[in-house]
Structure formats: structure tokens, C-alpha cells
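Protein chains: 2
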Amino acid sequence: MQNFVLHLPTKIIFGRDTIRNIGPETVLFGKKILLVYGSGSIKQNDIYDQVTASLAEAGLTAIEHPGVKSNPVLSHVREGIELAKAHQVEAVVAVGGGSVIDSAKAICAGAKVNHDVWLFFKGKKGVKSKLPLTCVLTLAAAGSEMNGGMVITNEETRQKFGTGNQLLKPEVSILDPTATFTVPPSYTAYGAVDAIAHLLEFYFTTTDAATPVQDRFMEGLAINIMESCRKTLARPDDYQARADLMWCATLALNGLTAAGLGMVGFPMHMIEHSLSALYDVPHGAGLSVVMPAWMSWRAADSPAKFAQLARRVFAIKEKDQYRAALGGIESLKNWFREVGSPVSLRDLDIPESAIPAIAANSMDLAAIWRLKGYDIQVVSTILDKCR
Amino acid sequence: MQNFVLHLPTKIIFGRDTIRNIGPETVLFGKKILLVYGSGSIKQNDIYDQVTASLAEAGLTAIEHPGVKSNPVLSHVREGIELAKAHQVEAVVAVGGGSVIDSAKAICAGAKVNHDVWLFFKGKKGVKSKLPLTCVLTLAAAGSEMNGGMVITNEETRQKFGTGNQLLKPEVSILDPTATFTVPPSYTAYGAVDAIAHLLEFYFTTTDAATPVQDRFMEGLAINIMESCRKTLARPDDYQARADLMWCATLALNGLTAAGLGMVGFPMHMIEHSLSALYDVPHGAGLSVVMPAWMSWRAADSPAKFAQLARRVFAIKEKDQYRAALGGIESLKNWFREVGSPVSLRDLDIPESAIPAIAANSMDLAAIWRLKGYDIQVVSTILDKCR
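Top to bottom, those sequences are chains A and B. Residue numbers for the first sequence follow the numbering used here, beginning at 1 and rising by one. Residue numbers for the second sequence follow the numbering used here, beginning at 1001 and rising by one.
Read the hints as simulated data drawn from the structure, not as lab findings. One or more hints might be untrue.
[Unchecked claim] Listed next, the in silico DSS-like pairs over lysine-lysine satisfying Cα-Cα at most 27 angstroms (straight line):
#1 B:1112 to B:1085
#2 A:305 to B:1317
#3 B:1125 to A:11
#4 A:112 to B:1011
#5 A:317 to B:1317
#6 A:122 to A:112
#7 B:1085 to B:1031
#8 A:372 to A:124
#9 A:231 to B:1319
#10 A:11 to B:1085
#11 B:1112 to B:1124
#12 A:317 to B:1032
#13 B:1317 to A:319
#14 B:1128 to A:317
#15 A:319 to B:1124
Sequences and hints are given; from them, build the entire structure.
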């Protein structure tokens, strides 16, 4: 196990009827807040009403900043920062999934500086302070509700970049599984794929040869994510399954799974970011295309960890390491198919001819994230397996 | 999954050469501190020197309060509170295992009130504030370094009571696995037994019928605790094994395993507390006697969860639930024997004739902890299986 510092300051309030806590929890930070949300689905169910009623009851004044898109964009973040500054809000409330929370984090950080917020994503500036952030989560996927990461797409430069900082962890996150009952099957599946991807990036890219505690934790989460996703697709209002999926997605990327792993990388996310930046595909849909390709490329050289996953998570009995590894990858791919997530560029309607451009696009992020060994040729080889 | 609030404010600094952080981390809370430690083993290795050097370098003045015993006693806590008040210390630094950290927590809470600290343990008073607490952990066992629990023995009344409060969570805990290299085999094993006990209390007493996420997390930790304990006994300076054992013990009782389980109880700890209160046996040694007895008593009525543990943790293939359950309990007992932890009252040199007195002693804690169904007869029945 490698040295680590773990600090999880986010207070999690989990369960039924918990959204009513958003007002009392937020008012501790101030009276005037920016309310960030998405395209309005929270107005079709009753989440918007619950949130605004709780905020009003706590005496809060909310400046609204709706319209965050899936694959959230920089221009909208910049508008949010302007609003936050103009109204001198004291905190930000995010109601949505990872896109909304990531946008809110960028606004929280951007509101405290005079330079452009994109400089954080380019690695040119570091976050030194931010507005307090409280969240109501409506999608089990990104894990943004308990970590310090954020991913934003710059539409002008066609760059989807992610960055992180300890300070960006939300102060409070409310996780009510019933808020995800109305998430459509496709996005439920994409969210589960995203959570699995977070686990597997850590699982396969750790440079530590022996991380048995973290391994079993991640394997258990992977099994539970797949099982609970299946159940939610069979019955969207299965509370137990929605709760399991929601909590697993949070645990998959809150720092616990990575604690002790040392250096890890996000090569699968890097390639997916280029798919999304160029073709605006849903994040999870892009990941389920990239993951089997990257895994089979990587397993060819070092099958042991892939074989362990295959045996422990997919009950593959094969003794040969490499054949076991491939069996596990195929099982994962079959689960993607089962839950309706794409497994090829063709499924995403992306032509093979786009591979060079996607590979080229990924080079900026490879540099910023310091992913060694991922040149255009390597990424093209992996993308070739995505056809 | 049941509703929960999870807040883990303790900053964990884990790994080699991390003890040097104790000064810089503590000085954030003040300049004058109470340094609490045990019987002096930290002076035989170099931990005491590392800690005092770091405190001095950070400009801290330390008032020393050594002499915490295993099964820490109330009189010593009261002395610590007097010292803390007399010197108006601004924080407490604990260097040791669960006994030292628990004593330090009681001092932190007691220093802020004018009433006797024992009232917290009797449930007559609640903790409202406390002095900041930083810790250097030297034993993988209790999990006290990241939670809000504390257990103290009142020597006068022969009561070993535990209580807990969100506020009592340490501000910072430093976990350097090398600090446990010199822990003797017996206490290494007792610590591992304690950590397993924490997991199994939650695992078996949750009232929620389906907690698959928490189950797999706990099963993975149990496997890793047993494996890493075996390795440390074979080679006491096996860093990887010491690190795994240390981190597992922390994770077993930091709130994560219990989050979502709803009401849980500590019946095995309750009975063990009476063993320790009356016979001053090491906590882990008492637990390895009580656990198989309690488990086989409980499994007779409801074997399903015990069978799940048997299958997933001990690879028992038996199809019949009850027989599988018993197979798992026997495997656990064999692991206790293997690592040298007692499995009977006889092993502890406690006569059978003591059973009525032990059962009677446990009734106070059964009442305070609101453990339903544990009358003298039931506890005697369980103790009878410990012979």
C-alpha cells in the first residue's frame, strides 16, 4: 500500500425524504445562493418544488442558473460565475447529476478569482478558495457529490478537460434514491457504466503490485453496481436497487477506493473525453465503447489483474491468465449490451474515419494528466479495437 | 438500505514516515497540548522521540499524561481532565492504540464540562463540545482513530461502558504501519480479532434484510484482516501486511461499514465488556471467546446471514443453511486458534462458576445500549457455550 492522505469532509445525508434538509444545511453558509440545475427535468418530477420550498423556508434567496447540459459547457459556467459575482451570492446549491455538480464546482471556484475559470482546467492556475457548495443528487453516476473533481467541455476549443482539488469537495450532499426513479433506462445504465469505469481505472492503473484491501472493496462495488443496475432497469422504482446503485457510485469515486493505490491514471476517460468533445456522446455511452478495447489492449501485456477481476467478479473459472482475462472482458461487454450501453463506435454512429481526429484530440489531455505512453499511435490502436 | 447521515471529518495521514506531521497538524489548534500515552512502549521504540521532536519543532508545549492501561480506567481519565484544566491546554495529542485514544477522547470531552466525565458513559449527559484531538496510532484494532466512540472502565463500580458522539471524532489521525512492527504477536492477533468483531456485530445485527453493498465491503475487509494478520505473525515487519491490517481495522469501524444498516447492536462486545470489567482480560482475547458462542446461539434461529458469511469468506460449499453457518463459525474459531487468540473461558482462566456474575454484570450495559432480549438467562446461555 502506498502512502496517502484521505480527507472526506462532505457530509452525506442519504435516504428517503431527505431533500427537505437542503435549506437548513445551506443556510449555515449564507442567505443568498445561486441555484444551479439542468434542463428542467427536476420540474417534471417534484424535486424542484421540494428544493425551492426548503430553501425558502430556511429564509434563503435563490438566484437561478438553470440549463446545464450533459457534457456541461464552459460558456454556461462562465455565465454562472458572472451571476454569482453580480449578486454576491454566499453559496451555491446544485440540483442534478455530475454535470450540474461539476458546473457548480467550477462556478464556486471561478467566483473567487478574477481570471478565466478555464485556466484551472488547463492546469495553469490552482484553486485556492471557493464558495460553499451544497448538492441534491439526482443521478447515480459521476461521484462528484463527494469528491473534488470536475469536468467541463470548452465548446470553442473542443476540449473536455477534468481537474480536481481537495477544496472543491461539496460541504453537504443529499442523496435521495427516489430522486432517481424517473431517470430513463439509458441514463441509468450510462451512470452505472461511469461508476464501473471509475473503479476499473483505479483497479487497473495502480502502480502498486499488491492492494488487496482496495481490490476487494472495488470488486464488491462492481458486483453491486451491475446487480443493482439490472434491478433498476427491470423496475425503475425499486428503492433498494436505486439506493444501492446511488451509494455504490458515490463510493466508487470519493477517494476511498483510490486511497493507498499511489499513482493512478484515467486513460479510458481520456479517450472518452475526446469522443464526447467531438461527437457529444453521453459520457457513459462513450466509456462502454472504450473500456473493453482499452482492457483487451492492456491485458495482452499484463493479464494478471484482469484475470483476478474475471475470477472474482465474473466467476470465470479458466486457469490460464490471459484467457481468463479475456473471459472477464467479454463478460463485462455482455453486461454493457444487456443494460443497453453501446459497445462500438458503430453503435455511437461514429465513423471509423474519425479515429485519427479522436486520437489527436486526446493528446492535450494526455499531456495535462501526464499519461505516459499514450501517443497518437497507441490511442489509435485502442480506438481501432472500438470499431 | 436504511437512511443515514455520514460525516467523516477526520483527516487520515497514512504511511511510512508520517509521524513527523503530528506537530504541524496539531499546532493549527493551539500551542499548549496534553500528550496522552500508555505504559511506555513508545519509549522503547522511537515513536516517543519522533512525536516529541515534531511537537517541539512546531513550537508546542506538551504536558505529559502517560500511563493509560489496556482496558483504560476512569481514574486515569479524571486525572487527565484535571491536568488539562489546570494547564488550560488547547488540544490533546494521543499516541497509542484504542485505549489511549479513547482515554484522550474522554479527556477532550471532560475538560469542557464541570460535571463528572462518567455521566457521558452512563448516558446521563451528552457531549456538546470538546478539545481538538490529534492521534498517532500504534495498534491496528479499535478503529477509534477515525470514529466518535470511546470505552472506559470504572474500576470502582466494575463497569466497562462505551459511548459515542459525532463530535468526538479526532481532527487528524496519523497511521504509520511501521509503528506497529513491535506489537507482540498476541496483541497483533487481539487487534485483528477486535476489528473482525466490529465487522461481524454490524453484519449480523442489522435489521435491514438486504444490505448487499455493505455486506460485500465487510466480507472483503474480513478476508483481508485474516490474511494480513497471518502474514504479520509470520513476519512482524512485513510492511504491506501491517499496512493492510491497520487500514482494515480503521475502515471496519469508521462509520462506512454501518452506513445504511439502520439499527445495529453490539451484543458480543457487551458480554466481552463484562469479562474485561471483572477479569481484566485483553479485549480481543475476550471477544474471540464470546464470538463463536454468540454466533452459534444466533445462527440456530436465523442461519441465512451466517451461511452467507461462511460461503463468501470461508468458501464453505455446504448447501444446507444451518450446516453452512456452523461450518463458517468453526472456520472463524480455527482462525482464532491459528493466531493464538483464546476460544474458551478455560483459555482465559475464568472458572465456569463465574458465569452468573458475568451475566449479571452485563445487564447494566444491556440497558444503556438498549439491547433487547438480552436478559441474564440469555447471556448465561451464551456464556455456557464459551466453556
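Against the structure, the hints:
Between the alpha carbons of residue 1112 (chain B) and residue 1085 (chain B) the distance comes to roughly 8 angstroms, so the proposed pair stays at or under 27 angstroms and holds. For a cut-off of 27 angstroms, the pair hint linking residue 305 (chain A) to residue 1317 (chain B) stands: about 26 angstroms separates their Cα positions. For a cut-off of 27 angstroms, the pair hint linking residue 1125 (chain B) to residue 11 (chain A) stands: about 25 angstroms separates their Cα positions. Simply put, residue 112 (chain A) and residue 1011 (chain B) have alpha-carbon atoms about 25 angstroms apart, close enough for the 27 angstroms limit, and the pair holds.
As the CA atoms of residue 317 (chain A) and residue 1317 (chain B) are separated by approximately 16 angstroms, the hinted pair is consistent with the 27 angstroms bound. For a cut-off of 27 angstroms, the pair hint linking residue 122 (chain A) to residue 112 (chain A) stands: about 18 angstroms separates their Cα positions. Distance hint between residue 1085 (chain B) and residue 1031 (chain B) is fulfilled; the C-alpha atoms sit about 15 angstroms from each other, no more than 27 angstroms. Between residue 372 (chain A) and residue 124 (chain A) the alpha-carbon distance is near 20 angstroms, which keeps this suggested pair within the 27 angstroms criterion.
For the hint pairing residue 231 (chain A) with residue 1319 (chain B), the CA-to-CA distance comes to about 26 angstroms; that is within 27 angstroms, so the pair holds. For the proposed pair residue 11 (chain A) and residue 1085 (chain B), the alpha carbon gap of about 32 angstroms is over 27 angstroms, so the pair is violated. Between the alpha carbons of residue 1112 (chain B) and residue 1124 (chain B) the distance comes to roughly 16 angstroms, so the proposed pair stays at or under 27 angstroms and holds. Our distance criterion of 27 angstroms between C-alpha atoms is broken by residue 317 (chain A) and residue 1032 (chain B), whose separation comes to about 60 angstroms.
Between residue 1317 (chain B) and residue 319 (chain A), the direct Cα distance comes to roughly 20 angstroms. Compliance with the 27 angstroms bound is thereby established for this hinted pair. Among the hinted pairs, residue 1128 (chain B) with residue 317 (chain A) is inconsistent with the structure: their alpha-carbon atoms are about 55 angstroms apart, more than 27 angstroms. Distance restraint check for residue 319 (chain A) and residue 1124 (chain B): the Cα-Cα separation of roughly 60 angstroms exceeds the 27 angstroms cut-off, and the hinted pair is therefore not satisfied.
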